[in-house]
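> Chain order of the listed sequences is A and B.
At the far end of the first sequence sits residue 114, using our numbering, and the numbering has no gaps.
At the far end of the second sequence sits residue 108, using our numbering, and the numbering has no gaps.
Misleading hints may appear alongside valid ones.
[To be verified] Selected chain B positions facing chain A (in silico; Cβ < 7 Å): (1) 34; (2) 42; (3) 44; (4) 46; (5) 91; (6) 96; (7) 98; (8) 100.
[Claimed, not checked] Under the rule of at most 20 Å between Cα atoms (straight-line distance), these lysine to aspartate or glutamate pairs were calculated in the EDC-like manner: (9) 57(A) with 91(B); (10) 69(B) with 91(B); (11) 95(B) with 62(A); (12) 42(B) with 38(A); (13) 69(A) with 56(A); (14) 95(B) with 38(A).
Since the hints were made in silico from the structure, they are not lab data.
Positions of the beta carbon are idealized from the N, C-alpha and C atoms, including for glycine.
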Amino acid sequence: EAQVTQNPRYLITVTGKKLTVTCSQNMNHEYMSWYRQDPGLGLRQIYYSMNVEVTDKGDVPEGYKVSRKEKRNFPLILESPSPNQTSLYFCASSLSSGREAEAFFGQGTRLTVV
Amino acid sequence: EDQVTQSPEALRLQEGESSSLNCSYTVSGLRGLFWYRQDPGKGPEFLFTLYSAGEEKEKERLKATLTKKESFLHITAPKPEDSATYLCAVDSWGKLQFGAGTQVVVTP
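Using the sequences and the accompanying hints, generate a full structural model.
Here is the structure:
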């Protein structure tokens, strides 16, 4: 079954404690991205990757890092989380950069930073 | 500044009561407009792509249309399983921008 898998689904952490949210896709997609979703603001792109070892900033990259060492995996790293990073996070993948909107999304990770 | 605005924020319908959702946009260089469905606790699910004014796409009870300044998602004779949040997004020069969504509840 084609899918994008994120882990964990729920996470509560304390300010400053480094964390990683994993994302894996099994569709051999080139393009992957991370979004955050906040009430009234819609989905906002954090980072994206057009292929292995190629990553770039989205609209709200501050406080986040990513890496793309393998095609299937695209982890999101928060080096020093702060309460304003409390949000619902989605990983997405699509066939290529020209079709990034036709994306498969993961189930989401609800992060709370206290 | 590019903007994508969806209205209404929430919509409550009786089963069978057709209605329309609106997505208005002010962007330069529209390359495409997209509709998604999002169920509670899940990620968005891609529905449609529209590229040019006058274009229409249909899927079951959903029909999306596009003009130069807005898109409509028409829900015909909705069923309770059509309850979800519907998101639209626009691609402006390679940058995808989402609206905040319309939450639709269809009651039996």
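> Each hint needs a verdict: does it hold in this structure or not?
Checked hints:
Hint status for residue 34(B): holds, given a least beta-carbon distance of 5 Å to chain A, under 7 Å. A distance limit of 7 Å between C-beta atoms decides the matter here; for residue 42(B) the minimum to chain A is near 6 Å, and the interface restraint holds. The beta carbon of residue 44(B) comes within 5 Å of a beta carbon in chain A, closer than 7 Å, and the hint placing it at the interface holds. Because the closest C-beta pair between residue 46(B) and chain A is about 5 Å apart, less than 7 Å, the hint holds.
This hint holds: residue 91(B) has a C-beta 6 Å from the nearest C-beta of chain A, less than the 7 Å allowed. Interface restraint check: residue 96(B) against chain A, minimum CB-CB distance 6 Å, threshold 7 Å, status holds. Because the smallest distance between the Cβ of residue 98(B) and any Cβ of chain A comes to about 4 Å, under 7 Å, the interface hint for this residue holds. Interface restraint check for residue 100(B): the shortest CB-CB distance to chain A comes to about 5 Å, inside 7 Å, so the restraint holds.
For the hint linking residue 57(A) to residue 91(B), the alpha-carbon distance of about 16 Å falls within 20 Å, and the restraint holds. In summary, the hint linking residue 69(B) to residue 91(B) is supported, as the alpha carbons are separated by about 14 Å, within the 20 Å threshold. Only pairs whose Cα atoms come within 20 Å are accepted, and residue 95(B) paired with residue 62(A) is accepted, the gap being roughly 18 Å. Our distance criterion of 20 Å between C-alpha atoms is met by residue 42(B) and residue 38(A), whose separation comes to about 14 Å.
Only pairs whose Cα atoms come within 20 Å are accepted, and residue 69(A) paired with residue 56(A) is accepted, the gap being roughly 14 Å. At most 20 Å may separate the alpha-carbon atoms for a hinted pair to count; residue 95(B) and residue 38(A) meet this at roughly 19 Å.
Violated hints: none; the structure is consistent with every hint.
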